[in-house]
Every structure is written in structure tokens, then in C-alpha cells.
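**Q** Take the sequences, apply the hints, and build the full model.
One rule links them: number in my numbering = place in the sequence shown (from 1) + 3.
Simulated from the structure, these hints should not be mistaken for lab results. Each residue gets a CB set at the ideal place from its N, CA and C atoms; glycine is no exception. Everything hinted at is true.
Quick list of the computed label-pair ranges, beta carbon to beta carbon:
#, residue 1, residue 2, range
1, P220, D74, 51 to 57 Å
2, E169, R261, 17 to 23 Å
3, G273, R153, 28 to 34 Å
4, D228, A110, 16 to 22 Å
5, A145, E196, 19 to 25 Å
6, R146, E283, 27 to 33 Å
7, G154, R76, 45 to 51 Å
8, S111, Q87, 51 to 57 Å
9, Q83, A145, 47 to 53 Å
10, D82, E199, 43 to 49 Å
11, H264, L290, 22 to 28 Å
12, G152, G273, 28 to 34 Å
13, E169, D207, 23 to 29 Å
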Amino acid sequence: MIAGPAPDSTPLGLRGRAEDLAAPLPPLLAEAEQLAQTVLMGEHGRRRAGAGSNFWQYRAAQPHDTARAIDWRRSGRADQAFVQEKEWQIAQSVALWVDDGAAMGFASTPRLPPKSDRARLIALALAVVLNRGGERVGLTDARLPPRRGRGQLARLAQILSQERGEDHGAPEAGGLAPQSRAVLISDFLGPIEPVEAMLTAAADRGVRGALLQVLDPAEEAFPYDGRTIFESMSGALRHETLKAGDLKDRYLERLAARRAHLAALAHATGWQLSTHRTSESAASALLWLHTALERR
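**A** In C-alpha cells, the structure reads:
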């Protein structure tokens with residue numbers, strides 16, 4: 004008998020695990036701030052403010068609202084002016100990027116999944132939720148334009164299962180549609196310049212989204228001491244030290260500086276940022292992405 008690959012390592016296995024993770028969550032409806040050329044008309048009203056004929060909710064009037072927009076009947080029953088908001092009937096696109104670099108294969112112990120496994124699982128689970136809500140999902144590069152359907156999920160699982168030889172992947176903006184949403188999942192420990200370029204390109208196109216940093220707990224605690232050999236997952240870099248403990252403070256300072264840099268980039272471009280540890284539940288990260296994509 005010839006043993007095949009472990010079920011969870013195949014695209015089909017990854018897709019099945021992602022669907023199990025997505026099952027408890029309600030359909031995720033990507034939010035867009037304005038209509039653009041990339042949207043298509045949805046079959047059902049989306050519970051988001053925007054174009055549409057069905058009433059959704061009242062909100063307090065803002066200085067930019069015109070007198071014609073005021074619902075004077077509702078406003079007459081209160082001490083302030085109110086505006087009607089309509090259901091959003093536009094399905095929106097969400098583009099995903101998962102770091103496929105070799106560094107994402109790190110796991111400090113056999114009890115924890117590699118960062119790459121967790122990142123792929125979360126990304127595909129998010130795609131399942133989006134597809135279930137009638138949204139279009141694709142990649143930030145040009146390999147997989149946003150589409151709906153089970154076939155799209157299968158193609159996405161296939162692409163996410165591929166790996167590269169370089170230590171760190173770099174996001175590409177070739178597939179970003181104007182006024183859409185995007186999600187970048189990585190450890191963000193590699194060169195920061197590609198991420199800066201990606202967020203700048205996204206901002207120029209009116210794209211907002213979420214950055215999810217996936218880390219192994221050891222990458223935050225640095226539990227190393229004495230003689231230690233540090234080697235990159237690709238084998239391209241190698242450093243041996245007899246006093247690993249002496250490196251801890253400098254390492255943690257650089258990690259904090261990188262996080263501060265990411266936070267500043269996210270703030271400047273209107274994105275959301277969170278850190279997920281592979282020792283935590285994958286569902287918690289999926290739930291955070293659900294909330295982040297809906298946030299204005």
C-alpha cells in the first residue's frame with residue numbers, strides 16, 4: 004500500500020477544514036464606501052448603507068446632508084434631524100493575499116501548526132464566508148480575478164497550497180479593483196517595502212481592508228538561551244551564537260518597532276491591523292476579519 008499525502012495538507016483537505024471553521028459564523032458582507040466600476044448588482048439587499056430602494060435604518064443627520072435628505076416626519080418626533088439609510092444592493096469584491104514565503108512554514112513545536120497552514124486556513128475560511136454571502140473573492144494579484152461560486156473556492160485552495168522558495172513573499176496589487184476590499188495575511192517580518200507599496204497602491208484605488216499578522220508564540224517570547232543556531236526556513240541565512248539570551252532585548256525591540264511601523268501604515272491608509280498567534284483559535288482570527296471588513 005502506498006501512502007498518499009496527509010488529508011489536511013491537500014487543497015481538498017484545506018478547503019474542508021476552512022469550511023468547518025467558517026460554519027459557525029454568519030455570512031460576511033464586504034463593505035464598500037462608494038459604488039465603482041467593479042461592482043455587480045446583487046440578487047438580495049445587503050444590510051449596508053448605500054444605493055437601494057428598501058429602508059434600512061435611521062441615522063442622525065450630518066453637516067454634509069442636504070435638507071432634501073432629511074426625513075422630516077421622523078425628525079419631528081425628536082430633538083434632532085434624521086436621515087433614512089437604504090439597503091445596499093451591490094455585491095462587492097474582496098481580494099486576498101497570503102504570504103507564500105518559506106518563513107511562513109515555521110512552527111516552534113510539533114504541537115503548533117506552521118504559520119503557513121494557519122494563514123491559509125483562515126484565508127480560505129474567509130473566502131467560504133464571503134462566497135456564502137454572495138460576494139466575489141479573488142487574489143490581490145492577477146492570477147485569480149474575483150468571482151463567486153464553488154469552483155472559485157477550489158481554485159483558491161489550489162493556489163493557496165503552493166509554496167515558494169524565497170523566505171518572504173511580497174504582495175502584488177495587480178488584481179485590486181477600485182473601491183474594493185482586501186485582506187493581507189503574513190507574519191510581516193520580511194522586507195517592509197513591498198507592504199508599503201501595496202498599501203499605497205491600495206489607497207490610490209480607494210481600497211480598504213485588513214492586515215492580519217500571524218506569529219508563532221516563540222517569535223514573541225524569544226525563549227532561546229545559550230548556544231543556538233538560527234537558520235531561515237529556506238536555508239539562505241544562518242547565524243550561530245553562544246549567548247542567544249543576549250539577543251533577546253534587541254530582537255524584541257525590533258519586533259516592537261516593526262509592529263509600530265505596521266500600525267502607522269494601517270492608520271495612514273485606513274486599514275485595520277491585528278496579530279494572531281498560532282496557539283490561539285483560528286476562529287478568533289476569522290471573527291476579527293469578519294468585523295474588520297464591515298467596519299467603516
